[in-house]
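There are 2 protein chains.
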Amino acid sequence: MSFSLHDSALGRQVDLVPLVTGKISVYCCGLTVQAAPHLGHIRKEVVFDVLRRWLTFSGLEVTLVVNVTDIDDKILAKAAAEGRPWFAHAYFYERQLHRATAALGCLPPTYEPRATGHIPEQLELVQELIARGHAYPAADHSGDVYFDVRSWPGYGQLSHQRIADMEPALDADPRGKRDPHDFALWKAAKPDDPATASWASPWGRGRPGWHLECSAMAGKYLGDAFDLHGGGLDLKFPHHENERAQSQAAGRPFAHPWMHNAFVTDPSGEKMSKSLANGMLVSEVVRRFDPRAVRYYLVAPHYRSMVEFSDQAVATAAAGLARLDAFVDRASARLGAVRPWTMGEAPAPQALPAGFARAMDDDLGAPAAIAQLHDSARAGNRALDAGDDPTALTALVQVQNMLSVLGLWKLDPAWPAAGGDLEPVVDGLVSALLEQRQAARARRDFAAADQLRDRLTALGLTIEDAPDGPRWKR
Amino acid sequence: MSFSLHDSALGRQVDLVPLVTGKISVYCCGLTVQAAPHLGHIRKEVVFDVLRRWLTFSGLEVTLVVNVTDIDDKILAKAAAEGRPWFAHAYFYERQLHRATAALGCLPPTYEPRATGHIPEQLELVQELIARGHAYPAADHSGDVYFDVRSWPGYGQLSHQRIADMEPALDADPRGKRDPHDFALWKAAKPDDPATASWASPWGRGRPGWHLECSAMAGKYLGDAFDLHGGGLDLKFPHHENERAQSQAAGRPFAHPWMHNAFVTDPSGEKMSKSLANGMLVSEVVRRFDPRAVRYYLVAPHYRSMVEFSDQAVATAAAGLARLDAFVDRASARLGAVRPWTMGEAPAPQALPAGFARAMDDDLGAPAAIAQLHDSARAGNRALDAGDDPTALTALVQVQNMLSVLGLWKLDPAWPAAGGDLEPVVDGLVSALLEQRQAARARRDFAAADQLRDRLTALGLTIEDAPDGPRWKR
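Protein chains in written order, with the working numbering: chain H, 5 to 478; chain E, 5 to 478.
Only chain H is shown next, with the shape it has when bound in the complex:
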């Protein structure tokens, strides 16, 4: 284990040293399920899916917890506008999120807790912070509870800011606050909130603040101290700063290092705008492009680099992936199919070129890793040209393993419809069965012949006669 990564808290690269030998616990801030996910949302899911695959390949047992924020002002407002309950709105988009991540070949996390499912754990944390002098109920008796940022000397360390330079927290009426930067741990219910959207607390009915959710869920499922906290760069401040402050002020070591991925930008370099995002819904993008090409487009740049979205960029990615696939197809046809490493298996020796492992161990260096992938494919093609089968086979094994680590192997179990290229296999199997049926008829075993016809029907296949022989249709 020699994996190192850029720790956004320290601002430099550090070795990832597991707290428990052989295991890595990762908490990754998930989505607020208020709208259909676009590529900007889902880049994080892909980045952390690659991290998880790489650490697993490296022999670690990875626990990945990704929360679902299922209540907030936006969810309440949108649900009210649609005339459906907030929980139905949130659940609808939670399922859309699952569909989007599955469409891009991401494995489900180890666990995916919902914020509203952890009210007791959140109330305990608020009470602990009040007891320690780091939180206080709002002075105006509104029922809010705030974190006292001035009481915690570490506040600002994650995002490297002095309190005076920070944006004030706009999450509540400032009249009840000691300092405008104090943020809400608990938010009193508003008169027009639905009854299901608040819970009893020592300060009256209310709901948890956003930042509190993650502190409580990370603590519950990964423990007071865990290995790595991740999320999108836009969450570094205030969300992660506040999460870290809450947890550490409550006496929990929490996570280090922190890992933040950059955005998907529009061509002007802006964080994805609303208007552009509409054309970048995952559901739309995977209709227009091969989902594996979309994943390649998201995987190939360094996770800390901004990625600009354009159809051209995805098309370029698709061409890169096609070159790799072409080598795999060519080599498999000559040397026989090889099944690469997949999640849950022990990696085989000689499974990867050193350059790829070195790149991945160096802060998930995807650009160098992808360069190695193409080098290996080119070397494999040259070996095939030269009739050097042993060299070509090594390249085939390694290229497939690299693709698998990146979640790009075309038959990876995480791809929902692995087997778009199964059509020729179905062709072959159907003609073999039809020959069997002919043979059964020839020996006057009509029961067997009928049974074969029924099998095809049961599989949803219909057979049609065509000039060049029978054709199947679904």
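Derived by calculation from the structure, the hints in this document are not laboratory data.
Since the structure is predicted, the reported quantities are computational estimates derived from the model, not experimental observations.
Take the hints with a grain of salt, since some may be wrong.
[Stated by the list, open to error] Interface residues of chain E toward chain H, partial, derived using beta-carbon atoms under 10 Å:
(1) 117
(2) 118
(3) 196
(4) 306
(5) 321
(6) 463
Positions of the beta carbon are idealized from the N, C-alpha and C atoms, including for glycine.
Could you slot chain E onto chain H? The hints should help.
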């Protein structure tokens, strides 16, 4: 609205009269996510998906809440045996459940709350029951809290039993109970329970009893009174009897009527046995058969009739569905494709034959509804034979709408990747060919057997023996 159904509480058919005009609220007991779902589990999901589609088609706004029981003794024991956290175990099978229901064309429910996400609501209910004299902490100070069945005159009304005739509740040490039939509302944590599997309560750390979960979640999301409570027949006693007693003893009207679906049995008429269930995992069955045929097999019998599972029964269902599809294909080819009603749209006039609507309104009478479906297809085929296009078009529209109401239309949005994934087809074709090979050997035609093996090899497939039968690999 003239829908009536068999109320299992009253033991007779009643009209379903919405509490709020135009809306229907349904709570349906979901799965304990401890293992991969088999057809016996999933029949309920299919039955209530049809109910929801039919009520929606009838112009009602349906809210369907289906819980996930994500903690219980089995989950804790299995997770411990596997060496993974209980929440990871539960979440893994929650996702398997989603995959199984999606594979059978079921729409996600309106909401799917998890039991462990509702501790405050459950504690409130226990306290209300204690305050009203219907519950008490265990006399042996174990930390359990029990429902006092003798204190509630309605206990036994749902399952039509006298307390003296009931099985005692085996959920705790009987020494702390007033009556052996008293059941646990709250279960004290055991010394070897993981810390994450218990919550603070006035009676010490513990977790909710199974029955309590559903009372609390139904009350939260559907209100103190709602329209319909459903579930599998095996839940009628004790689960639903206890749920109803808890809620009503706490002053909540709860649901009426109650709707219970029958089991999928093995050929001996037993509720699906463990050994048989292994061959009936949804993931396996949809590999061996067209998933639409599997749904047809589950949908066609009356929901209150036991369904016997056999390959032959599914094959017969597949043949029935194929006849309907053949009419749709033939009529579409002649008259042009017609898009049927789907969920979320207003039904068109003349959309269904009266016989189908009558059958569905009469306690979801699937056998009569399916008979009408085939009558319409036959009439449509006759009209096509006779060149009577207007009659054939009416039949096409109506047949497709009937298929859509039953969730069987082949392009229904609930079907995943309609047509993309060929793996299940390859599975089915390979097993058919392997059977041919066996049969060739049995009749000592070894040349034919070898030839079949060579065909598979030539297609790049290798066959491996697995405990549940041969598997192919590329």
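Broken hints, by number: Those not satisfied are hints 3 and 4.
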